[in-house]
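Since the structure of chain A is already known, use the hints to place chain C on it.
Those sequence lines, one after another, are chains A and C. Quick note: the first sequence uses the working numbering, first residue 89, plus one each step. Quick note: the second sequence uses the working numbering, first residue 321, plus one each step.
Incorrect hints may have been included.
Some, not all, of what chain C presents toward chain A, calculated at C-beta under 10 Å [stated by the list, open to error]:
no. : residue
1   : Ser367
2   : Glu368
3   : Phe415
4   : Val418
5   : Leu439
6   : Glu441
7   : Asp466
8   : Arg693
When the alpha-carbon atoms are kept at most 30 Å apart in a straight line, the in silico BS3-like pairs for lysine-lysine are as follows [to be verified]:
no. : chain 1 : residue 1 : chain 2 : residue 2
9   : A       : Lys471    : C       : Lys741
10  : C       : Lys609    : C       : Lys635
11  : A       : Lys482    : C       : Lys332
12  : A       : Lys471    : C       : Lys332
13  : C       : Lys428    : A       : Lys387
14  : A       : Lys471    : C       : Lys428
15  : C       : Lys635    : A       : Lys470
16  : A       : Lys470    : C       : Lys382
17  : A       : Lys471    : A       : Lys444
18  : C       : Lys582    : C       : Lys382
Hints in this document: simulated from the structure, not taken from any laboratory. It should be emphasised that the depicted structure is a prediction, and the values quoted were computed from it without experimental measurement. Just so you know, even glycine gets a beta-carbon here, dropped at the ideal spot from N, CA and C.
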Amino acid sequence: TTEIYTRSIVGSVRCVQETGFPIFRTMDLEGNVSDSKYEILDKPTLIKLFDIMVTERESDRIALNMHRQNRITFYFSHLYEEAVGPAIGAAIKDEDKIVLQYREQGILLWRGFSIQEILHTVKGSNKDHAKGKALACHYSIPKIGVLPLSAPIGSKIGHGAGLGYAFRTQKEDKIAVTFMGEGAASQGDFHAGLNFAATLGSQTLFVCRNNCYAISTPIEDQYAGDGVAPRCIGYGMPAIKVDGCDPLAIAYATKHARQMIMERKGPVFMEVYGYRGGDHSTSDSAPLYRTKEVLAKLKPYLDAIGDPIIRLGKYLEKKGYLANYKEQMDKVGKAAVAECHKYAKEMDETPYPEYKTMFEDVYSYTPQNLQEQMEQLDAHIKKFPEFYPLSDFK
Amino acid sequence: MGLFKTKEDMLKVLTRAASKQVYTRVLLPKSLRAFSAGPAPLKMDFSEKVNTNEIKLKNPTKLKKMNICQSITNALDIALATNPNTFVYGEDVKFGGVFRCTVGLNEKYGTDRVFNTPLSEQGIIGFSVGLVAAGGVAIPEIQFGDYIFPAFDQFVNEVAKYRYRTNGLFNTGGICCRVAYGAVGHGGHYHSQTPEAHFMHTAGLTMVIPRNPIQAKGLLLASIRSPDPVIFFEPKILYRMSEDMVPEEDYEIPLRKAEVIKEGKDVTLLGYGASVRQLQMAAKMAEEKGIACEIIDLRTILPYDFETIEKSVNKTGRLLITHEAPITSGAAAEIAAKTIEKCFLHMKAPVKRVCGYDTPFPFVYEPFYLPNRVKIFDGIQELMAYQLELLLNQWLSLIHISEPTRPLYISYAVFCLKKKKNT
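Extracted from the complex, chain A is given alone in its bound form (with noise of 0.2 Å):
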């Protein structure tokens, strides 16, 4: 059943004009799905959506209690938008590439992006692939098709648009899933990006995850319209709204929109609803803003869509699959947590790639004052070595 949620909850008050945009979910809270035709994951992809899910959670909980530790120095947490990387990496094709916003590890982690890796990069250690060069959290893997991650929100926007274009001039079989939050959506490369993208034909999927939060700004100050899908009629694309919690109506509404993006050579906006648990990122304090009169307000909307993990797992229980979600639960969170203690161990004892790779990639080549700033350097390192952390580098 698709049911709609009333604008006072997800929408801005302010809203004037009755869109009519229902979001699309297909199962309920206690796992029951409304149409067998729903159902086009199998098996194996489910049980390893489920597992992925719980990895990414207890994962992302061990990362925190690092920061706490002062092991890490920055991290963001997915609490209850597990589902959305996951269930999109499942329906979209191995080929597809992938541009980030910030907060969508589990598709990494889908792609198999191991959590050894996450922690190194997080960590900026010799073993990151950026070499440390990179801040934290700031993903960019060809071996997956992951484009660089960068923290000006909104800048990748133009950017799917742009890779989507070539894909279809070069009549490739490829499309950019291109995410941002509902506050991206109010960069100016929202616009100059979606339009592009709609008026030059773009092969490109843009997911808003809708989270009700950028940082303490909620949504009642982010727009006054009914959500960011709507916009989409303006610029000339398809767009839905999808229940971000459930993980078989994101997957089916993915492989949909990326046939219609097959078929008609062009864009397809999914906005995922769904609610940010946790804080923005470990320098935030949601309790600040987050005070017990909002969460009251927003108390129907979340018993509404609920928490993604035990609803698939309900439903894996329905269907056979699983004979207790929650041992399910407990055996693959025990694995996550031992491989992240044992990844975290040596995260720690990993030292810093050279100091000398500071000056390295910033042209193809090495120009001649970069050649004498790093000799000026290790001169200067030479004069006063107890003054440099040179034990924590190579």
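Just chain C now, with coordinates in the frame of chain A:
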């Protein structure tokens, strides 16, 4: 105290670290360090008293201990109270700001005047231009200097040129944009940039950077009330670190004037923002070697006060400029060129620039990248040594030694003199 077996152990280890003044966190086990750090700060008191030559106070005894963050909140409070047509806004400003600089203002002045904007820097500055055209005063906030670039077109093509292209009929003087900027220890390239050089090229803008709470409050109030648009960069690493006894009343510090913080006769050190602390520490290190440094805080980067610099360089003959931003075409390059133009005959050494390298701001390599007190001290020594080589060069030219062979004689002479000094 979990790492150490006894309290005496802990005290012994920590005092050894403090006395050696080696890099911070050297003695904590590796597993407890999140990021490496460069040279540890010297034990110095950076707090200052109010400069009564510049600031005339009505109640000089009514002071309150504040850090930069609190002094900014205080300044905004005064600005909102004294002018009812003032607006403070930006991303996450309503709940107090991600750096807690606007705490309590929304509760006091209401959501029409202190509010959140949607997530768009381009939108924030565009919105500001319209707001001040109706006669208001706008104090937008850009959350990080790294994210100011979507607003670059609005700043350069609109804010800076509004008065010029209307021949004074309109102006954007009511805008004072506050930006949290600068290195913070683990910021990487999107939480540490210092973009003042990008804007220095744009006539029509004013840029102001404070070094401590007393300066921050006075300069911010002056910037808000200035008839020209101002970008106010706040060094975020000093938000809590820099504390002073700040006057509680409404006072302003004049813009477009540099301040001589310390007088000296040997070398002029020029910097702004968080770099001033590095200059002060380097000057202390140089003092122990008998070098008297004069420290100037530039305060207003554009238009900058060259008169003060000229007066100082004519006295000392040597100039060292420092900033976190990359060296090529940074603020130091412009000031160095102008200094050589105006003070050439008074100079005993070329201008030394101790700045960041020409790379994007690196994440884990920050201890090596930043211009710290040790690099500045090294630069001071280099400047002082230059005198000797210049003199030798002049003598050798007088006795007609040819140019190519002079370096040989100079290095031999320097070697003998140093050997003599050591024995």
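Hint by hint, here is what the structure shows:
| no. | hint | result |
| --- | --- | --- |
| 1 | Ser367 | violated (25 Å) |
| 2 | Glu368 | violated (26 Å) |
| 3 | Phe415 | holds (4 Å) |
| 4 | Val418 | holds (6 Å) |
| 5 | Leu439 | holds (4 Å) |
| 6 | Glu441 | holds (8 Å) |
| 7 | Asp466 | holds (7 Å) |
| 8 | Arg693 | holds (9 Å) |
| 9 | A:Lys471 x C:Lys741 | holds (19 Å) |
| 10 | C:Lys609 x C:Lys635 | holds (20 Å) |
| 11 | A:Lys482 x C:Lys332 | holds (29 Å) |
| 12 | A:Lys471 x C:Lys332 | holds (27 Å) |
| 13 | C:Lys428 x A:Lys387 | holds (28 Å) |
| 14 | A:Lys471 x C:Lys428 | violated (55 Å) |
| 15 | C:Lys635 x A:Lys470 | violated (33 Å) |
| 16 | A:Lys470 x C:Lys382 | violated (50 Å) |
| 17 | A:Lys471 x A:Lys444 | holds (17 Å) |
| 18 | C:Lys582 x C:Lys382 | holds (26 Å) |
Going through the hint list in order, the structure does not satisfy hints 1, 2, 14, 15 and 16.
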